Every structure is written in C-alpha cells, then in structure tokens.
Amino acid sequence: MPVALNMRLTGDKEQEVTLTGTLRPFVAEEMASVRRSLEQAAWSARGALCVNLKRLKYMNNVAFLELNRFVRWAASARPDLRVKFILSSVIPWAIRKFQVIAELYPNVTIEVYDKAFYPIQHVIEDDEFINVLRTQEKIIWEHEQEKLAWHGMRPGLRVADICCGLGDFAILLQRDFRPEYLVGVDHSKPFLRYARQVVSDFGLENIEYQYGDAAALLLPDSSFDFVTCRLSLQVFNEPQHILRELLRICKPGGRIYITNELMAGIVAHPGENLIRWTYDKVIEIGHSLGMDMDTGLKTREILTDAGLEDIKIHLIDINNMNSDPNDFGKVVESWTYVTGQMCMRSSQPPEVFERIKEGLMAHVEAINSDRGFASWPIYAGSGRKPFRA
Amino acid sequence: MSIVKTITPAPPMEADFASSRYRMIMAARFTVGGFAREWAHCHLLANYLARYVSANEGDPERHATLLSTFINELLEVIYRNHAADGQIELIFRKRGRHVILQIALPVTEQNRVFYRMAVQIVNQPDLKSWYRARLEEPAEGEDTMLGLLELAAVYACTLTISEPPGQDRISLFLELPEVDEMGEV
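As given, the protein sequences belong to chains A and B, one line each in that order. Heads up: the first sequence at position 277 corresponds to 1162 in my numbering, and the numbers run straight through without jumps. Heads up: the second sequence at position 21 corresponds to 437 in my numbering, and the numbers run straight through without jumps.
None of these hints come from the bench; they were simulated from the model. From a predicted model like this one, the values you see are computed outputs, not experimental measurements. Think of the CB as a built atom: it goes at the ideal place given N, C-alpha and C, for glycine as much as any other residue. Accuracy of the hints is not assured; some may be wrong.
Calculated from the model, a selection of chain B residues having no Cβ within reach of chain A, i.e. all distances over 10 Å [to be verified]:
no., residue
1, Tyr468
2, Ser484
3, Arg511
4, Arg513
5, Ala569
6, Thr574
7, Thr576
8, Gln583
Below, simulated DSS-like cross-link-like pairs (lysine-lysine); rule was C-alpha separation at most 30 Å, straight line [claimed, not checked]:
no., chain 1, residue 1, chain 2, residue 2
9, A, Lys1215, B, Lys544
10, B, Lys510, A, Lys1166
11, B, Lys544, A, Lys1000
12, A, Lys1000, A, Lys1197
13, A, Lys1074, B, Lys510
14, A, Lys969, B, Lys544
So here's chain B without its partners, still in its complex pose:
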C-alpha cells in the first residue's frame, strides 16, 4: 500500500503560542547523549513528565497514565532517530483540554527524511484503514513508524513538523486528543 500524497499540515506558529489560548505548562531540556544512554529513560521521562503535566487534573493518575502512553511513544521514536550531539527541548502547552507537546531535537539528514515521512504517513487520508492494513500485513522495519501511526489512527493525535531553515534541528508538535479531567479520551 502506498502513501497517498497529501498536503502536510502546517505546525503551529510561535506567534500562536503567545496568545492567551495557549497555556504554558512546563519545559525541559537535556542532552541527546544523556537521554540516549539508556532505553529506560523514555519510560521514566514519559511517566515523570506526564505526572507533572497532569498534576492539576481531576484524576491525575489516570490522566498521567494516558499521557505517558503518548509521550513515551514519541520519545521512543526520538531515541531511535536523532543526531549524535546536541540538546533535546520539550515544551508542554495546553489549549483548552488539549495538551500540545513540542519537541525540538538535533537531526541528521537521514533523520530529517524519516520525520518528514512519519508526518506524511500520520496525515494520510483514511488513516484507520491504513493502520489496520499494516497490522494485518506488517512489513519489516515499520514498527517504529507504526507507533506514531497508532497515536493518530487510534487516539486522534496530530503530528506536525517545523524545520527552521539552515539548522540541523527540527521541531515536532504532537497535539494530544481532548482528554477530560478524569483522563478519558
């Protein structure tokens, strides 16, 4: 099954974030080297960040369990696809009941191609059929991509990319689905 060529949605603009619709929750910065030293960092960071972001929710534990699932999937992809040096920056914002995670990371050209492809895939029309077909006939080497695909197909997350010109860095924007205060999608 081939990817249908679509117009990749634009990421949010920095100016948007300054508006009152977006509420800053937290930011974190760490080195690629430290992060990539251990696979467990994805799990630990996802849980810690999710818990922090969910602190004021009606059911923080349930909200955090759900958020951790999304954050972990994205961190695992980044763990596998990043440049050797540099820093990873995470910013969590909230718009209404949506949490928006921005991750800026250093990339090689190969990584850049991977992320462009990933964003294109998760913005496929008829995403659910595409995802189901991939589960029925899994292809070698697609596992990593399927994690992101699932976030969009099953949980209605959206993923966009921003590539500042002339930089070896990209920003990914993962907008999580509307989650009520009791942690229900």
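Same shape as in the complex, but just chain A:
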C-alpha cells in the first residue's frame, strides 16, 4: 500500500495529519498505522484536527470506511474536536466523497484549500482577457525564443510547463524545439479548454494539458528534463511551495527555467513621473495581496536558494523600439483591468484607481509616441538540478 503519512503541528490549536500518494488497502487492518496516527493526533490536538488529503491521488472504499470509522470514534472520544478534511479541487473524486461525511457528522468540515489559493485567478481567466494574453505571449516569445537554447532547451526533452496559462508557450516550444513530450499544467479550466482546443485544431501531438495545483503537482518525482514556470511566481503569495515542486519533478541534471517581471524597472518617457508613481503603487497593492511584482530582480537568489547549479540569467527587454508598439500598447492597456481588480480586492479608494488608469494611459501614449521610449523588463533565469541528493 504505497502511502506516505506525515504528521506535523501547524499551530498552537491545530494539528495536521497528511496522507499522500495511494491508499488502496486490501483490508482495514492495513490502515492500522494510519488509524493510530490519526487517533494519537486527535488526542493531542486542540480545537481542530486537519486531515490533509490534497495530494492523496487514489483512495479505495476500504480506506474511506476506515476514515469514516475514525470520524465516528473522534465524535465520541473527543466531542469537542473538529475534524477538518483538507481537499484539493485537483483530485476529481475527493470532494463528492467527503461531502457525504461532512453532511453526516457535525464535527466534520471539508475545506477545498485551493479555491482561495490564487488571488487574482478569476481576473486573468476572463474570456475578454484571452486575446491580450495571446498578444503578450507573442511579444515576449519574439525575444525569449532566441535565448532558450542558451538556457538548455533542445529537441527531444521531456518538458513540463507549470502555470501554462493558455498554452501558447507550450505550442511554440513544440514548433521550435520538438520536445519528446510536453505537459502544461494550470489551475484555470477555461485556459486549459482553450489550450486543448488549439492543440486539437492544429493536430499537434505530444502535448498534454493537465488541471493542477502548481504547489501540489501530481507529476512524478524527477521526471522532466526542463521545467518552466513563466510570469507566475510573482503572483503567488507563497512561491516557495511552487519552487519546491518544480525542483521535485525536475530530473537530476535537468534545468528549471523561470521568468518574472521587474515592475520597478518599467520606465517610459514622456510622462515618466506619473508612470513611475503608477507602477510603484501597483507594486505596493500587489504586496498587500501577497504578490511580488519585482520578483525578477530576485531571480538569482531564488534559483540559488533552491539549490540549483550553473545559474544563468538574462534580461528579456521589451521596448517600443524592438517590439510592435501597437501590441505592446494593447498589453499595457489591458493592465487597467487587472489593476482595477487588484484595487477592488485591496479596497483602494476610487481616486487611486483613477490615477493608476491615468498612469497606464500615459505609458501607452509613450509607447505609441514617435519620440517616446518605453521599456518593460522581464528576467529569465535557469539553473541545473544537482545530481547529488
């Protein structure tokens, strides 16, 4: 029965037991150690006991019934204790199964932890936003593509693109680098449907898309030669969880490739003062929502702290002289929508958003001006996973 059981304290008043992998025993007796651990945790827990199942991929009914027996036991042995099952929407069978238990026992609740995990996901998966994202992908790719080989990308690799969004990057990789196999993972079903449709319309092979949680991937350990995560770490409030997963799924000797913005480095003229104020404000609001829009500057630190070797970093410098100003302007214009949502979520006064809008429009004007200059720096970095443990 391949199952990993971890127990750890998560706070003064909560204790958490984590079950991962597969739980398909032949008889309930094979669950004895799991049951003992749960009971031991229940005796010592105060307030609530969290049973974390967010990375339990398979569970049979024998195991489920044993958890049901545990809940019944807890209701009678520790009537003051709440049992909270922590589930992930990524595991397709889990929510329905545990809803029954939550309805049956007043001491049981379920929490789908990844529902609130991505603060602005509902913004970026808006249908109207898709065209802008595609334009953004196009102008970034024009500059990113030429450096990918330097970062280690070459034909025949197994590639995982984590937080793949609309999947355009995966498709461009397939076209230009011919990986042996490529999987794109994202937590947005509308994006994945779109990506899948593109793959199907163009009859592309060797690309798969997967609904998944970047912080708790279901991909196997050490299974990819090249793992990418682009413009995403900056919007997560706990990017270290994602990095740990990138490292886990990367083969020893394989490379992890990340890109992130440096919003503090956005410059444009004319209108530089208002434009600078705008991005400083967005950075500040982002921080209040758990996002770091200056992650690009920390690329070396991130890759070094992850234990990677042979770190390489380059600047993807998008400006109105090396990119189509019309496309670049459209991308910046679309940030009005994103920043509006960010202002709303962080309860900014309306005048703040108005000023941000003015700043973004000034940026667009600078981009489209014949005499203006506007730059948008993105840092791309990669590192090799060591062979040693």
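Based on the hints, put chain B in the right spot on chain A.
Here is chain B on its own, set in the frame of chain A:
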C-alpha cells in the same frame, strides 16, 4: 434497514453495442488465476486501463484519475468474488460522454448470489439515504458491498447484470457518469 424489492434494470443488449451510438475503446482478457495472485493488480490494472481509455481526453491525467477510482472499486469486488478458474474479459465502450465497462467473469453459485444482491442494492430507491445510513451504522462484512454502493450513490454510476443461461459466467455492466473532457463529473 432492509432492501426494498425493486425491478432490477436490464443490462444493455449485445445488439445495442453494434449501433453507432456505442464506440468501442478497448478490450482486455486475462486469467482469474493471474489476476487474483496479487491485490496490487487491481490498482495497477485500474490505473493502466483508465489511462488508456482517457488518452484522447482534454485532460487525460485527471480523467484517468477519476476513471481509475471507479474501475478499481469494481476490480476489487471481483478480486474478492470470483470462481477459481476461467478468464476475465473487460470491454470498454463509450456512448457520448459516458464510459461503459463490461466485465465478464467466472462465478460460483455463491458469487452469483452476491452479484445479484449487489445489483439489487445499488438500484435501491433513495439510494443516498441508504448509503448514508450504512456509513452511520456500518455492519460487519458490508465493506465490499459499500464500495459498489458508493459508486452509485455518490457518483451516479449504474450497475446491471447479465446472466447467460447455462453458463458459470456473468457479465457486469458499469456505466460511469458523464465525465467532461476535463475529468469533471
């Protein structure tokens, strides 16, 4: 709580499968002896078959994870209830967004009674209440049956049985719920 006597639904007819509404996906055949040698075969087979059946879905991994859950539950029941010799045949077909799994297996008389009972139970009216009551007051020896009951009560699978006359074999038909291409029930 007693089982309410109901009319057990009829299994699909062979002629139905020949119609264009059904699309054959794959078939597999193996000996009971080989299958029953190791409990892990249920898990491994369920995962392998689910992955194969899900190959053309929008999110094959998620689709396969869900299908594996259903297939494994049925294989585990078969692992515990089959005759000593003979062959197990699995056929996967698809009708619209539904996958239909047909399993033919050799049975003893005792097994036959078990499967008839199982089909009758999963076709209970007010199945959800029945299932919840069983979770609240589990009875000894019911665990195996509850796995099948859950497939129907929680995931809306349907289970029917076909018993060709004069044979020590039965066929079970597990119709899985409508699953979209992203693996959502």
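Do the hints match the structure? See the list:
1. Non-interface status of Tyr468 (chain B) relative to chain A is upheld: no Cβ of that chain comes within 10 Å, the nearest being about 14 Å off.
2. Non-interface status of Ser484 (chain B) relative to chain A is broken: a Cβ of that chain comes within 10 Å, the nearest being about 7 Å off.
3. With a least CB separation of 20 Å from chain A, Arg511 (chain B) remains clear of the 10 Å interface cut-off, as annotated.
4. Even its closest Cβ contact with chain A, about 14 Å, leaves Arg513 (chain B) beyond 10 Å, as expected for a residue assigned away from the interface.
5. A beta-carbon of chain A comes within 10 Å of the beta-carbon of Ala569 (chain B); the shortest separation is about 8 Å.
6. Here Thr574 (chain B) stays apart from chain A, with its beta-carbon at least about 16 Å from theirs, past the 10 Å limit.
7. In this structure Thr576 (chain B) is separated from chain A by more than 10 Å, as the shortest Cβ-Cβ distance comes to about 20 Å.
8. Every C-beta of chain A lies more than 10 Å from that of Gln583 (chain B), the closest at about 29 Å, which supports listing it as non-interface.
9. Using a Cα cut-off of 30 Å, the hinted pair Lys1215 (chain A) and Lys544 (chain B) is violated, with the two alpha carbons roughly 53 Å apart.
10. About 54 Å separates the Cα atoms of Lys510 (chain B) and Lys1166 (chain A), which puts this hinted pair outside 30 Å; it is violated.
11. With a C-alpha separation of about 27 Å, the suggested pair Lys544 (chain B) and Lys1000 (chain A) falls inside the 30 Å cut-off, and the hint holds.
12. Straight-line distance between C-alpha atoms of Lys1000 (chain A) and Lys1197 (chain A) comes to about 35 Å, which puts the hinted pair past the 30 Å bound.
13. A C-alpha spacing of about 23 Å is found between Lys1074 (chain A) and Lys510 (chain B), which places the hinted pair at or below 30 Å, so the restraint holds.
14. Distance hint between Lys969 (chain A) and Lys544 (chain B) is fulfilled; the C-alpha atoms sit about 23 Å from each other, no more than 30 Å.
Taken one by one, the earlier hints fail for this structure at numbers 2, 5, 9, 10 and 12, listed in ascending order.
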